[in-house]
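Fit chains R, X and C to the known structure of chain W by using the hints.
Here is how the chains run, residue by residue.
4 protein chains.
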Amino acid sequence: MTRVTVWNEYRHERDEPKIRQVYPQGIHTAIKEALEPRFAVRTATLDEDADHGLSEDVLNNTDVLTWWGHMAHQEVDDRVVDRVRQRVLEGMGLVVLHSAHHSKVFRRLMGTTCNLKWREDGRHERIWVVNPAHPVARELPLWIDLPQEEMYGEIFDVPTPDELVFISWFPGGEVFRSGVGYYRGRGRIFYFRPGHEAFPTYYHPHVQTILRNAVAWAAPTLGPAPEFEWSPSLEPRAGDRG
Amino acid sequence: MTRVTVWNEYRHERDEPKIRQVYPQGIHTAIKEALEPRFAVRTATLDEDADHGLSEDVLNNTDVLTWWGHMAHQEVDDRVVDRVRQRVLEGMGLVVLHSAHHSKVFRRLMGTTCNLKWREDGRHERIWVVNPAHPVARELPLWIDLPQEEMYGEIFDVPTPDELVFISWFPGGEVFRSGVGYYRGRGRIFYFRPGHEAFPTYYHPHVQTILRNAVAWAAPTLGPAPEFEWSPSLEPRAGDRG
Amino acid sequence: MTRVTVWNEYRHERDEPKIRQVYPQGIHTAIKEALEPRFAVRTATLDEDADHGLSEDVLNNTDVLTWWGHMAHQEVDDRVVDRVRQRVLEGMGLVVLHSAHHSKVFRRLMGTTCNLKWREDGRHERIWVVNPAHPVARELPLWIDLPQEEMYGEIFDVPTPDELVFISWFPGGEVFRSGVGYYRGRGRIFYFRPGHEAFPTYYHPHVQTILRNAVAWAAPTLGPAPEFEWSPSLEPRAGDRG
Amino acid sequence: MTRVTVWNEYRHERDEPKIRQVYPQGIHTAIKEALEPRFAVRTATLDEDADHGLSEDVLNNTDVLTWWGHMAHQEVDDRVVDRVRQRVLEGMGLVVLHSAHHSKVFRRLMGTTCNLKWREDGRHERIWVVNPAHPVARELPLWIDLPQEEMYGEIFDVPTPDELVFISWFPGGEVFRSGVGYYRGRGRIFYFRPGHEAFPTYYHPHVQTILRNAVAWAAPTLGPAPEFEWSPSLEPRAGDRG
Numbered sequence: 023m024t025r026v027t028v029w030n031e032y033r034h035e036r037d038e039p040k041i042r043q044v045y046p047q048g049i050h051t052a053i054k055e056a057l058e059p060r061f062a063v064r065t066a067t068l069d070e071d072a073d074h075g076l077s078e079d080v081l082n083n084t085d086v087l088t089w090w091g092h093m094a095h096q097e098v099d100d101r102v103v104d105r106v107r108q109r110v111l112e113g114m115g116l117v118v119l120h121s122a123h124h125s126k127v128f129r130r131l132m133g134t135t136c137n138l139k140w141r142e143d144g145r146h147e148r149i150w151v152v153n154p155a156h157p158v159a160r161e162l163p164l165w166i167d168l169p170q171e172e173m174y175g176e177i178f179d180v181p182t183p184d185e186l187v188f189i190s191w192f193p194g195g196e197v198f199r200s201g202v203g204y205y206r207g208r209g210r211i212f213y214f215r216p217g218h219e220a221f222p223t224y225y226h227p228h229v230q231t232i233l234r235n236a237v238a239w240a241a242p243t244l245g246p247a248p249e250f251e252w253s254p255s256l257e258p259r260a261g262d263r264g
Numbered sequence: 023m024t025r026v027t028v029w030n031e032y033r034h035e036r037d038e039p040k041i042r043q044v045y046p047q048g049i050h051t052a053i054k055e056a057l058e059p060r061f062a063v064r065t066a067t068l069d070e071d072a073d074h075g076l077s078e079d080v081l082n083n084t085d086v087l088t089w090w091g092h093m094a095h096q097e098v099d100d101r102v103v104d105r106v107r108q109r110v111l112e113g114m115g116l117v118v119l120h121s122a123h124h125s126k127v128f129r130r131l132m133g134t135t136c137n138l139k140w141r142e143d144g145r146h147e148r149i150w151v152v153n154p155a156h157p158v159a160r161e162l163p164l165w166i167d168l169p170q171e172e173m174y175g176e177i178f179d180v181p182t183p184d185e186l187v188f189i190s191w192f193p194g195g196e197v198f199r200s201g202v203g204y205y206r207g208r209g210r211i212f213y214f215r216p217g218h219e220a221f222p223t224y225y226h227p228h229v230q231t232i233l234r235n236a237v238a239w240a241a242p243t244l245g246p247a248p249e250f251e252w253s254p255s256l257e258p259r260a261g262d263r264g
Numbered sequence: 023m024t025r026v027t028v029w030n031e032y033r034h035e036r037d038e039p040k041i042r043q044v045y046p047q048g049i050h051t052a053i054k055e056a057l058e059p060r061f062a063v064r065t066a067t068l069d070e071d072a073d074h075g076l077s078e079d080v081l082n083n084t085d086v087l088t089w090w091g092h093m094a095h096q097e098v099d100d101r102v103v104d105r106v107r108q109r110v111l112e113g114m115g116l117v118v119l120h121s122a123h124h125s126k127v128f129r130r131l132m133g134t135t136c137n138l139k140w141r142e143d144g145r146h147e148r149i150w151v152v153n154p155a156h157p158v159a160r161e162l163p164l165w166i167d168l169p170q171e172e173m174y175g176e177i178f179d180v181p182t183p184d185e186l187v188f189i190s191w192f193p194g195g196e197v198f199r200s201g202v203g204y205y206r207g208r209g210r211i212f213y214f215r216p217g218h219e220a221f222p223t224y225y226h227p228h229v230q231t232i233l234r235n236a237v238a239w240a241a242p243t244l245g246p247a248p249e250f251e252w253s254p255s256l257e258p259r260a261g262d263r264g
Numbered sequence: 023m024t025r026v027t028v029w030n031e032y033r034h035e036r037d038e039p040k041i042r043q044v045y046p047q048g049i050h051t052a053i054k055e056a057l058e059p060r061f062a063v064r065t066a067t068l069d070e071d072a073d074h075g076l077s078e079d080v081l082n083n084t085d086v087l088t089w090w091g092h093m094a095h096q097e098v099d100d101r102v103v104d105r106v107r108q109r110v111l112e113g114m115g116l117v118v119l120h121s122a123h124h125s126k127v128f129r130r131l132m133g134t135t136c137n138l139k140w141r142e143d144g145r146h147e148r149i150w151v152v153n154p155a156h157p158v159a160r161e162l163p164l165w166i167d168l169p170q171e172e173m174y175g176e177i178f179d180v181p182t183p184d185e186l187v188f189i190s191w192f193p194g195g196e197v198f199r200s201g202v203g204y205y206r207g208r209g210r211i212f213y214f215r216p217g218h219e220a221f222p223t224y225y226h227p228h229v230q231t232i233l234r235n236a237v238a239w240a241a242p243t244l245g246p247a248p249e250f251e252w253s254p255s256l257e258p259r260a261g262d263r264g
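Chains as they are written, first to last, in my numbering: chain W, 23 to 264; chain R, 23 to 264; chain X, 23 to 264; chain C, 23 to 264.
If you are wondering where the hints come from, they were derived from the structure by calculation, not from laboratory data. Don't take every hint at face value.
No copy labels: a pair is met if it fits in one copy or bridges any two.
In silico SDA-like cross-links for lysine to any residue, where the CA-CA straight-line distance does not exceed 25 Å [unchecked claim]:
no. : residue 1 : residue 2
1   : 40        : 83
2   : 54        : 41
3   : 54        : 253
4   : 126       : 184
5   : 126       : 100
6   : 126       : 257
7   : 40        : 252
8   : 126       : 137
Pulled out of the complex, with its shape left as it was, chain W reads as follows:
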């Protein structure tokens, strides 16, 4: 069974009563409940210990890590960022959520600024499936309406997605590539846009389906581990017939 670690900054929900009302036990708990029982899920949060709950041991026993952060990206220790990045390149899946577009981990792995336009107005978001053959679109309708979300608008300064699954529409006139997949090293990364802390997005049934699909897609593929080194000539010869 795929082992998932749900990471959450967990500050808004503790410090702001209005947000706590939406996610009384934190965004991580809502995501954990969306992923269970299909996956074996644990959670980790920024302030739980010096490793933010992501010790080497935890990461070595994680197949897919999901990441939600917003106001405290800079407080994430670079040691932990390096560790997560290394594990992704070695094969661990990573699902990056909403404002974590600006997390150190995502920016390091993308190489670009990951900047975008935004407006926190709590209006409508409509998410269109543009690749119905993609595993992350499994069991979804053609579009999903979220009654209240924060707006993110293009240009989204990320590398060209290897896989583009969703495009969002906002009533203010904006569009956004809101579900994109990347191959990086031996691992896979999925970024999913919605999930502002003030709205109950992660309770939405279709959003929960997307979370499960994204985790399943990002799970390690067990392809060969690259060897990066001086290499002897491997020239096949006449005798190589067996």
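What follows is chains R, X and C alone, placed relative to chain W:
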């Protein structure tokens, strides 16, 4: 100088007074004027002769072909379709406009249905640049507003674009990948969504910039002509040092 | 359980004693045995009936179709080609093998010539994994040596692959993109290069792993079925909050 | 005229007589001469000043930067790395050569390790064009033979290339994606594999054509400069008809 042939079905403008008012000399003339004097432009139309103006000689002297069609796709002779497709695979650029998503030429080259959703309501279209490094985005603003257009909505059943430059927003709640590029054989294809016959889209200055950019991008690159044949062993040997 | 139909032209093995020695019960039987018991597999061959074994009923009950053909591409009925293409666009997976690069089905779906260079010299092929995060690379080593194969060389005239998994090396000095994936409509297509009828390629353990991986990858994702039609305005309104 | 700055580490050629024999005035001078007179070229080297010749002023007046480095990647100042990366994201082209796959600049922009396999054996390299429609393949033959080069082998740990133009073949049995293009921010990056300091690769006429093609391709496109900020609603209204 890049030699462009602007092809137009030229039926709406002849047969419908309301459309003729918008494009008195045909859509092809408006496009021609947008491309001149930067390119050497001629036009060709469906009914001008048995080849629809696209004889072998014309195509052999065309670097980039632009294509607008709508109501008479089925009347385009398969010989001409084969000829155009062959020329694209050999290196001629192709710029496919609006309702030509359903042209025989585009469907043959794409392999998919090229279907989409639509609504002819003459409302707003906003076109967002999503790849500001792409040559077709040259000298454009971040977005373009067309006050009246037909709506096309996802899912757009085309192959994954090799290059995604524009995404459109419509007030009815739809999005559309409205500027996409493809490499096919030795040639390049750009599809650009706007251009409903009832609205003066091809007179819009930014749309005209896009037409010029798309033609410049699709112009032949003069890469090597593939050889498809039985091939002797070309194994480099010790003597191959010169 | 994913239901697979293994299609084979089945001429070489019947008509040429040398080939029959390699695949006494046909290439389809070797592939079937490689896919069992993980998948529910049936076979179909060109000459078994007027539908080449691919009636509507068979295809409607097929999740993934694998296709091997070589000398008789032209004998495949266009009705069947249309039916297969339609099913792929609706969601059926397609795994195209070796000389089936020139099958009507693959060419129709690709839109290009699918031409390449070749040399039937029975020398070495080495297949390199270039994307270790891709599901089709699952449980493979970094490279695979096939002691005897036919050479296929670039330029391979296909659309830019959506996913490039393998690149082959040949001792004559050639390279080839030998494992490539495509999204088309609601379905997925994987092309895998090796499999000349004169060599026991489909008995090779790593090749069998690739066949299983490719079938698993191409299996239907159950994403939403596109609607292509006139569409009313779906503009979200103030009331759309539930 | 496109303004090019050719950057070179310039250590091997100064310190090792054998290398100096190949490039008496440094690799940068050979590259400069290959690019002239089509482009306006200046050079810059690691040790020329505290900015390695890449002051803000120089970079602000550079359209395309080419980069060759090998033994002293770690000596490149992080301030300069940040400056170059920033300029690329703002629109400056970057052409990364050979062992600069491990330069700080390239690794930062890619986000992956950029590792690979290698063997310095001075044997043959054959470079195949796999996309004849790509501008970097302009005026090249189908393949190019370099009699002596260092081997680089897959897996090349870079993001999936946005554009794959060349694949190399080596007699030891290896392949390599040796010409790849990336869009990043408002800029473009081309990586070209050959160019070991011990061999006269940059004097080879076809390699010089590739250098010119890559610079021309990477030149700024003058697309719109992204705005990343809080954004007011831009909802088109009934009055937006002009």
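A quick look at each hint next to the structure:
1. In this assembly of identical chains, the alpha carbons of residue 40 and residue 83 never lie at most 25 Å apart, being 35 Å within a copy and 51 Å across copies at closest.
2. In this homomeric assembly, residue 54 and residue 41 come within 25 Å of each other (Cα to Cα) only inside a single copy, at 18 Å, whereas the closest approach across copies is 56 Å.
3. Taking the closest pair of Cα atoms, residue 54 and residue 253 never come within 25 Å of each other, the shortest separation being 44 Å inside a single copy and 33 Å across copies.
4. Taking the closest pair of Cα atoms, residue 126 and residue 184 come within 25 Å of each other both inside a single copy (21 Å) and across two copies (24 Å).
5. For a Cα distance limit of 25 Å, the shortest separation of residue 126 from residue 100 qualifies both inside one copy, at 8 Å, and across copies, at 18 Å.
6. Taking the closest pair of Cα atoms, residue 126 and residue 257 never come within 25 Å of each other, the shortest separation being 43 Å inside a single copy and 33 Å across copies.
7. Taking identical chains as interchangeable, the C-alpha atoms of residue 40 and residue 252 lie at most 25 Å apart only when they sit on different chains, with a minimum of 22 Å there against 57 Å within one chain.
8. Within a single copy, residue 126 and residue 137 get their C-alpha atoms as close as 12 Å, and across copies as close as 22 Å, so both meet the 25 Å cut-off.
Going down the numbered hints, you'll see the structure goes against 1, 3, 6, while the others check out.
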